[in-house]
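Undergrad: Sequence:
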Amino acid sequence: MKIKGFSIILAFFQFFFLGEKLALAGRENFGLGPLEIRPQFLVNQPFLGMSPENTLTLKNGESRLSFGIEIANTFVNTQGPTEQITKKETARGLTLTDFLDKDGNTVNGFSLYLDAESKRKKVKYRYGLTDSLEFKFELPFVSFDGGIMDSTIESVHSMIGISNFKKGGAYRALSERNRYDYYVVKDGQFIFASSKQIFNVRGEPNMDLKWNLSEGGKVMPAASLKLSYKFANTDRSGEQKLIRSGGVDWGHYLILSKGFDNWIVYFGDGQTRIGNSHGFASSLFHRFMSMEYRFSEEDSFVFQTVSQSSIFPTSSASSRSSKGESQEQRNSNLSVPTSVSAFGYKFLSSSFFWETGIVQDYNNFGNETDFVFFWEMGVHW
Numbered sequence: 183m184k185i186k187g188f189s190i191i192l193a194f195f196q197f198f199f200l201g202e203k204l205a206l207a208g209r210e211n212f213g214l215g216p217l218e219i220r221p222q223f224l225v226n227q228p229f230l231g232m233s234p235e236n237t238l239t240l241k242n243g244e245s246r247l248s249f250g251i252e253i254a255n256t257f258v259n260t261q262g263p264t265e266q267i268t269k270k271e272t273a274r275g276l277t278l279t280d281f282l283d284k285d286g287n288t289v290n291g292f293s294l295y296l297d298a299e300s301k302r303k304k305v306k307y308r309y310g311l312t313d314s315l316e317f318k319f320e321l322p323f324v325s326f327d328g329g330i331m332d333s334t335i336e337s338v339h340s341m342i343g344i345s346n347f348k349k350g351g352a353y354r355a356l357s358e359r360n361r362y363d364y365y366v367v368k369d370g371q372f373i374f375a376s377s378k379q380i381f382n383v384r385g386e387p388n389m390d391l392k393w394n395l396s397e398g399g400k401v402m403p404a405a406s407l408k409l410s411y412k413f414a415n416t417d418r419s420g421e422q423k424l425i426r427s428g429g430v431d432w433g434h435y436l437i438l439s440k441g442f443d444n445w446i447v448y449f450g451d452g453q454t455r456i457g458n459s460h461g462f463a464s465s466l467f468h469r470f471m472s473m474e475y476r477f478s479e480e481d482s483f484v485f486q487t488v489s490q491s492s493i494f495p496t497s498s499a500s501s502r503s504s505k506g507e508s509q510e511q512r513n514s515n516l517s518v519p520t521s522v523s524a525f526g527y528k529f530l531s532s533s534f535f536w537e538t539g540i541v542q543d544y545n546n547f548g549n550e551t552d553f554v555f556f557w558e559m560g561v562h563w
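Position one of the sequence shown corresponds to residue 183 (this note's numbering), numbered consecutively onward.
Hints in this document: simulated from the structure, not taken from any laboratory. Keep in mind that this is a model prediction, so the values were computed, not measured. For each residue, glycine too, the CB sits at the ideal point set by N, CA and C. A couple of the hints might just be wrong.
Lysine to any residue pairs mimicking SDA-like chemistry, simulated, CA-CA at most 20 Å apart [said to hold, decoys possible]:
#	residue 1	residue 2
1	K348	E336
2	K306	L391
3	K284	K303
4	K303	M389
5	K269	L391
6	K348	N360
Across the chosen pairs, the derived CB separations fall in these ranges [to be verified]:
#	residue 1	residue 2	range
7	Y307	S337	22 to 30 Å
8	G243	W557	25 to 33 Å
9	V430	K303	20 to 28 Å
10	R209	K423	22 to 30 Å
11	N290	W445	45 to 53 Å
12	G243	M559	16 to 24 Å
13	K423	V561	32 to 40 Å
14	L315	Q379	38 to 46 Å
15	Y309	G420	33 to 41 Å
16	V338	S464	32 to 40 Å
17	D285	S464	31 to 39 Å
18	S337	V561	34 to 42 Å
19	G420	Y475	23 to 31 Å
Could you build all of it, start to finish, from the sequences and the hints given here?
TA: Printed below as a string of structure tokens:
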């Protein structure tokens with residue numbers, strides 16, 4: 183009896199410590215999460231923007247309310263080699279004739295002249311429906327203006343040997359600094375044509391559901407599935423058409439995370455389906471990888487890379503050819519997937535959280551923003 187009683191007690195302690203070890207094994211695959219930054223390219227703004235996210239969900243009944251802002255500088259001049267769009271043309275106001283090729287012919291596909299800083303403010307609310315199912319609602323407010331970052335970016339280009347008069351520097355030196363112009367032409371017709379700055383225009387809200395499928399273990403990673411839905415607002419009069427598509431978009435992200443001591447590695451793969459594309463791509467594909475180093479339970483440094491298929495449909499033109507074609511005719515440059523890197527810091531206490539960081543593109547094909555700064559802070563209860 184004594185041996186039997188001792189065996190029962192031993193079995194209990196083995197179960198208790200094993201259970202604690204398994205619980206730690208599950209938690210070790212969760213960190214503070216990737217940097218939650220959506221694509222900031224101007225043409226992407228009206229559509230659903232999927233962002234990297236943590237596999238961890240809020241517990242049942244927990245809430246989180248936050249406010250954030252994403253400030254991005256975008257400059258694209260597909261007419262660069264012909265010098266058809268310079269300070270002179272923007273001063274008088276751009277017309278369709280400015281987007282003809284050097285021989286005066288209509289360009290098939292897309293031609294762009296984008297010179298702007300966008301500020302996307304967002305109010306975000308999360309709620310834990312269960313211990314493994316989280317609801318999120320986000321409402322954006324968007325501004326487009328001339329900004330203040332042009333001279334700094336040109337100085338950095340010059341410092342690292344990139345000419346602002348050539349393709350690598352996006353032909354920035356041909357244009358006025360800190361000016362706002364937003365022109366997108368397809369097959370000789372304007373899709374967007376705006377030189378009037380806009381401030382805090384309400385965009386279309388979106389709703390997410392994230393389900394933590396597994397906490398993982400020593401070998402298997404944690405896994406979560408995120409579903410996103412953007413509501414449609416058919417009022418696209420005036421400036422509102424720049425930030426509203428008027429259609430329903432929806433998307434998904436499968437996210438994995440695995441812990442290694444103080445490191446958490448995240449990987450995500452997903453797709454967005456666009457309800458009303460207005461001549462742009464009808465679907466987008468996303469992929470990200472994040473590496474988080476945890477200084478403590480409350481703060482982390484995060485490095486991540488994000489790739490997304492272009493908002494511009496694939497063109498039959500050659501993206502690499504430089505003979506016999508001018509820049510604006512090589513529109514497949516625009517359809518190359520975007521690739522950006524991001525660096526940031528995250529802090530989370532029992533009632534307050536904050537994250538901030540920067541994003542820099544490393545593709546430079548003209549379908550993404552050159553530089554993004556962002557921060558988000560809020561309360562948790």
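Undergrad: Next, verify each hint and record whether it holds.
TA: Right, here's what the structure says about each hint:
no. : hint                       : verdict
1   : K348 with E336             : holds (12 Å)
2   : K306 with L391             : holds (13 Å)
3   : K284 with K303             : violated (40 Å)
4   : K303 with M389             : holds (16 Å)
5   : K269 with L391             : violated (47 Å)
6   : K348 with N360             : holds (19 Å)
7   : Y307 with S337: 22 to 30 Å : violated (40 Å)
8   : G243 with W557: 25 to 33 Å : holds (27 Å)
9   : V430 with K303: 20 to 28 Å : holds (23 Å)
10  : R209 with K423: 22 to 30 Å : violated (46 Å)
11  : N290 with W445: 45 to 53 Å : holds (48 Å)
12  : G243 with M559: 16 to 24 Å : holds (22 Å)
13  : K423 with V561: 32 to 40 Å : holds (35 Å)
14  : L315 with Q379: 38 to 46 Å : holds (41 Å)
15  : Y309 with G420: 33 to 41 Å : holds (35 Å)
16  : V338 with S464: 32 to 40 Å : holds (36 Å)
17  : D285 with S464: 31 to 39 Å : holds (32 Å)
18  : S337 with V561: 34 to 42 Å : holds (38 Å)
19  : G420 with Y475: 23 to 31 Å : violated (46 Å)
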